[in-house]
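Each chain, written out:
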Amino acid sequence: MNIAQSVKLKLTLALLLFSGFHATGAHATPPAPGNVTLLNVSYDPTRELYQSENTSFASYWLKKTGQTVTINQSHGGSGKQARAVIDGLEADVVTLALAYDIDAIADSKLLDLNWQQRLPQNSTPYTSTVVFVVRKGNPKGIRNWDDLVKPGVSVITPNPKTSGGARWNYLAAWGYKQKQTGSAVQAKAFVKALFKNVPVLDTGARGSTLTFTQRGIGDVLITWENEAHLIRKEFGEDKFDIIAPPVSILAEPPVAVIDKNVGKHGTRKVAEAYLTFLYSPEAQEIIARNSYRPRNAAILKKYAASFPNIRLFTLGELFGTWRQAQKAHFSDGGTFDQITAP
Amino acid sequence: MPTPVTQEQRNIQKTGKNDPIPVQVLLILLTFAFFASFVFMPLALVFSQALGKGWQLYIDSIREPFAIAALKLTLLTAAIVVPLNAVFGVAAAWAVSKFSFRGKTLLVSLLDLPFAVSPVIAGLIFVLLLGSRTPFGSWLGEHGIRIIFSTPGIVIATLFVTFPFVARELIPLMESQGREEEEAAVTLGAKGWQMFRIVTLPNIRWGLLYGMILCMARSIGEFGAVSVVSGHIRGMTNTVPLHVEILYSEYNYTASFAVASILVFLAIFTIVAKALLEHQIQQRQPAQADLT
Amino acid sequence: MPPFSTNRKHILPGFGLSMGYTVFYLSAIVIVPLATIVIGTFRMDPQAFIGTVTAPRVLASCRLSLTTALLAALCDSVFGFLAAWTLVRYRFPGRKILDALVDIPFALPTAVAGICFATLYSPVGWIGQLLAAKGIQLINTPTGIVIALIFIGFPFVVRTLQPVLSELEPEIEESARSLGATRWQTFRRVLFPHLFPSLLTGATLSFARGIGEYGSVIFIAGNLPYKTEIAPLMIMSKLDQFDYDGASAVAFMLLIASFTMLLMLNAVQRWQEKASH
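Residue numbers (the working numbering), protein chains in the order written: chain A, 1 to 342; chain B, 1001 to 1292; chain C, 2001 to 2277.
Watch out, some of these pointers could steer you wrong.
[What the hints assert, rightly or not] In the PhoX-like style, the derived pairs of lysine-lysine whose C-alpha atoms are separated by at most 20 angstroms in a straight line are:
hint: 1; chain 1: A; residue 1: Lys-233; chain 2: B; residue 2: Lys-1274
hint: 2; chain 1: A; residue 1: Lys-140; chain 2: A; residue 2: Lys-150
hint: 3; chain 1: C; residue 1: Lys-2227; chain 2: A; residue 2: Lys-196
hint: 4; chain 1: A; residue 1: Lys-136; chain 2: A; residue 2: Lys-233
hint: 5; chain 1: A; residue 1: Lys-327; chain 2: A; residue 2: Lys-192
hint: 6; chain 1: A; residue 1: Lys-150; chain 2: A; residue 2: Lys-192
hint: 7; chain 1: A; residue 1: Lys-269; chain 2: A; residue 2: Lys-140
hint: 8; chain 1: A; residue 1: Lys-150; chain 2: A; residue 2: Lys-196
hint: 9; chain 1: A; residue 1: Lys-196; chain 2: A; residue 2: Lys-140
hint: 10; chain 1: A; residue 1: Lys-63; chain 2: A; residue 2: Lys-269
hint: 11; chain 1: B; residue 1: Lys-1274; chain 2: C; residue 2: Lys-2274
hint: 12; chain 1: A; residue 1: Lys-301; chain 2: A; residue 2: Lys-136
hint: 13; chain 1: A; residue 1: Lys-150; chain 2: A; residue 2: Lys-188
hint: 14; chain 1: B; residue 1: Lys-1104; chain 2: C; residue 2: Lys-2274
hint: 15; chain 1: A; residue 1: Lys-192; chain 2: C; residue 2: Lys-2227
It should be emphasised that the hints constitute simulated quantities derived from the structure, not laboratory data.
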């Protein structure tokens, strides 16, 4: 019959779709004992770092337990990645740009609120800082933060509302002035003048790099130290110079195991081992080779040549916790909104 | 009985030839100028970047396992989405174009709505509906059913984004055809399904095919909505457009544009296939027309 | 025009089935998911909602999205009409290729399109170089946004006009001409009014699409608050601050704008059809 036939067709299609659902759902079942899979949800610039770390950890884990571990990677803006985990992306571990994003995950009860006490050094196996990248020969003579507010200097930095890296940049500039003058009012005026010189606010750190390097816009790029080294490696050392300002911020990108997800996947042991491994000398070497500052003092000394001596202040020194910093500066109505208002 | 296609072509030849040659030349040149700046240039850029470091690198980038995984996922998504939306498009066009009822304007506007919804919102709504913050989403999570950040989520978001293409193509076509032919068939005793197969389907097949091609093109190219519901896991939930973006942010421009060029090829391929098919059926048409 | 008469008895089958399926599928894929935005918004404290959507930065971004999308839709109407006209009425080498390429904006991921335009119009790009020599910079300006939106929207205009153009009876033009109308008069008085509803449809679709476009615009826009920050970016940046309510509120406003526009468009069309009988 006519209707019966067309109903049958639609049922077949519906079944097809739902069989698709179940096939994918089936991946969620715990893996065979010999194999284990982890999902590391991370922020943008760490792709190269974790590619090396994953290979290294996989061979370490195989030797230690006889288990083959596959680590899947997901990268994107730090806030976006945190939101994906909150909404159900089943990360076993997160390695994000700032503690505030992991706090937000903790708020939705996926991991303990005191997660930052679980691993050494505030759960940050490496640190980094904020430096400047200029065009070869430094034609505008950029040396320090004050040079960025001079008229005619065009500054590239991403949007602090959408980029974790940009928040470190913003706080670095603010902190420099506040330490110099001891006045938050002057710091605010300084940052306002700086953002007057910003012609474009990309949504992420990588976007800003492309604007600066590929599109030839801007005289100076404010970015992560590791990103600055990568830029020289990727685009040629003859095109860009790195300028280390005398004072900058100590950026601490933290890592954490997501309790709820490792419980569900039965991967707690390997996930914890993975993060602890990041503190091992072997992993710290890889960290240093990728231009992140290792926590291990001996290895930091070994690679001292690539890490210029910058006076680094911490977030806690000037801004309190990340929750406080976020609220004061980047939430709606915060200082960033105030300084960009016309 | 002449087929609609040849009739249409006759119209074109007659009307087109009436316009003065200078006008024709001017308009054609303007069209080329527009295409040159808005379509050729971006395409040329894609290919010049893709081949910038030689063929070898181009081929290597395309054959890389993550690129192939992304291509498979994209094609799988299109293979599920296109038939579902095609069946829906025919049903919706039938209801809207052959019957009059209250609320038709509202219904037609709702059909168009996904065109007008920002891709960002299109992704957001499925996260709000199925994400693990919601009761339904957490229920799914407890039963090991993954939708968001997995293939079904990508399929659903793509369904939404490409939802109106077939219906939109068919509604004006079927309205302009009226209902006499179908009514005649029913009067002559044809059953519903028979009538559809013998009268309606041949009349709408070009529109249907065309709508499906658009639907396919959009489903392989969708970025914004899919980006929100994919977890960006390499080799698992990356579609081709997402993979392009990832490669680009890894400073791997050559590979990024090489993979983007696959999308361009896919688009051109489907459109050329459609043109060839159209041509072949046109040639076969007179014989069939004699039989009926 | 279809012979619609409400009092004639329907003898065609399948209304219940096709209508039922349409409503079911429409609800499952479109209405229920979109309702989450509406519900989310209604659960918000009304004061907070009004505060969010009337914040000067949100208003500035909505204004920018609306004006750039409107400008792009106008440009698309002109270019799209031109392209549809030549593609349908004239035969010239390369016509089929051009016709095929009209769909490229649907198929090319919007992010790739955005990257391409940003690269082309950057001060070191193919087009940007020429403009830079004259001291013009389009990237990171509202004009840059309009350029990206023209690309995104023009297939809508071409593809809505093409079928109507190709079904135009040559007799209409011939009779107009035989009654003594000049070519221009024929176009203006006979052809254009006939094509106008489709042109309006295409332009509205491209307008509606332009308001919400994200992927291709963020690369070329500059994203400066109050200057080149588009409304969909406001949604994204609210989400990145985990402000789901705020994001829903802005999304809700955009949805209302798009839907009202489509509703008006369809109502006008139905009314025109009725009037022409």
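Checked hints:
1. A/Lys-233 with B/Lys-1274: Violated, at roughly 46 angstroms.
2. A/Lys-140 with A/Lys-150: 10 angstroms, holds
3. C/Lys-2227 with A/Lys-196: Between C/Lys-2227 and A/Lys-196 the Cα gap is close to 12 angstroms, so the pair holds against 20 angstroms.
4. A/Lys-136 with A/Lys-233: Distance ~14 angstroms between A/Lys-136 and A/Lys-233 Cα, so the pair holds.
5. A/Lys-327 with A/Lys-192: Holds. A/Lys-327 to A/Lys-192 sits at ~18 angstroms (cutoff 20 angstroms).
6. A/Lys-150 with A/Lys-192: This hinted pair holds, its Cα atoms lying about 12 angstroms apart.
7. A/Lys-269 with A/Lys-140: Given that 20 angstroms is the threshold and the Cα spacing comes to 52 angstroms, the pair is violated.
8. A/Lys-150 with A/Lys-196: 10 angstroms, holds
9. A/Lys-196 with A/Lys-140: 17 angstroms, holds
10. A/Lys-63 with A/Lys-269: 15 angstroms, holds
11. B/Lys-1274 with C/Lys-2274: 35 angstroms, violated
12. A/Lys-301 with A/Lys-136: 28 angstroms, violated
13. A/Lys-150 with A/Lys-188: 16 angstroms, holds
14. B/Lys-1104 with C/Lys-2274: 14 angstroms, holds
15. A/Lys-192 with C/Lys-2227: 16 angstroms, holds
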